[in-house]
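Top line first, the protein sequences correspond to chains A and B. My numbering numbers the first residue of the first sequence as 198 and each following residue consecutively. My numbering numbers the first residue of the second sequence as 24 and each following residue consecutively.
Careful, some of the hints might be misleading.
[Said to hold, decoys possible] Mimicking SDA-like on lysine to any residue, the simulated pairs with C-alpha atoms at most 20 Å apart in a straight line are:
no.: 1; chain 1: A; residue 1: 216; chain 2: B; residue 2: 74
no.: 2; chain 1: A; residue 1: 213; chain 2: B; residue 2: 59
no.: 3; chain 1: A; residue 1: 216; chain 2: B; residue 2: 143
no.: 4; chain 1: B; residue 1: 105; chain 2: B; residue 2: 143
[Said to hold, decoys possible] Covered stretches of chain A (chain B as the covering partner; in silico rule of three or more C-beta atoms under 8 Å from a C-beta of chain B):
no.: 5; region: 201-209
no.: 6; region: 216-227
Honestly, the hints are just simulated from the structure, not real lab data. For glycine and all other residues, C-beta sits at the position ideal for the given N, C-alpha and C.
Chain by chain, the residues run as shown.
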Amino acid sequence: MAKEIAWKSEIESSLKEAKASGKGVLVEFNHAPS
Amino acid sequence: MDAVTYPQDQIVAFIHDYFVPVRIHTDAHPELCAKYHVAWTPTFLVLDPDGTEHYRDIGYLPPADFVAHLTLALGHTALEQKDYATAAKFFQTVIDRHGSSEVVPEALYCLGIAKNRISGGTADERKAIWGRLMETHPKSDWAKKASSAFD
């Protein structure tokens with residue numbers, strides 16, 4: 198299991214990854230580490 | 024979120040199992056903030072692979088509540104994609120595993136919808152679930168919505 202969240206930085210490429218994996222996309226908008 | 028919620032093993036595992044996680048820094052991407060109508064941080068969106076938004080939330084949540092909200096989001100996604108059995112499974116999970124969460128009334132209401140769709144429009148099971156919602160969470164707005172079925 199991954200030890201931390203593997204954040205991506207692009208929505209469009211993540212949509213393609215989600216389609217291939219059957220997952221959804223969780224997008225967090227933030228200004229700085231919260 | 025980085026200090027408390029995200030480091031938890033249950034959060035890492037849940038997000039890994041169900042989502043491709045994307046972090047957008049608002050200062051660097053004002054165009055995406057405008058496109059997705061982001062008014063506060065943190066804002067969370069759940070999108071399907073076509074980019075359709077199915078759930079939105081704002082603000083910090085501790086780990087258990089965050090999982091409850093994301094599970095609810097998975098239910099909403101399946102419900103809006105007309106995958107009613109999967110939707111019912113996620114809404115039931117919210118109810119069974121996150122009983123103290125404030126999203127339980129919404130999960131009960133939406134479970135009633137999913138069961139109604141699964142049954143082909145038969146109201147009996149939906150009304151039974153909504154009756155339970157009105158009994159267990161009588162002051163919630165979701166119970167008020169459910170009460171219309173009994174007028």
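Status of the hints after comparison with the structure:
1. 216/A x 74/B: Holds. Residue 216/A to residue 74/B sits at ~10 Å (cutoff 20 Å).
2. 213/A x 59/B: Roughly 18 Å separates the two Cα atoms, so the pair holds.
3. 216/A x 143/B: Distance ~29 Å between residue 216/A and residue 143/B Cα, so the pair is violated.
4. 105/B x 143/B: Given pair residue 105/B, residue 143/B holds - Cα atoms ~12 Å apart, limit 20 Å.
5. 201-209: holds (count 8)
6. 216-227: Coverage by chain B holds for the region 216-227 of chain A (10 residues, Cβ < 8 Å).
Checked against the numbered hints above, the structure violates only hint 3.
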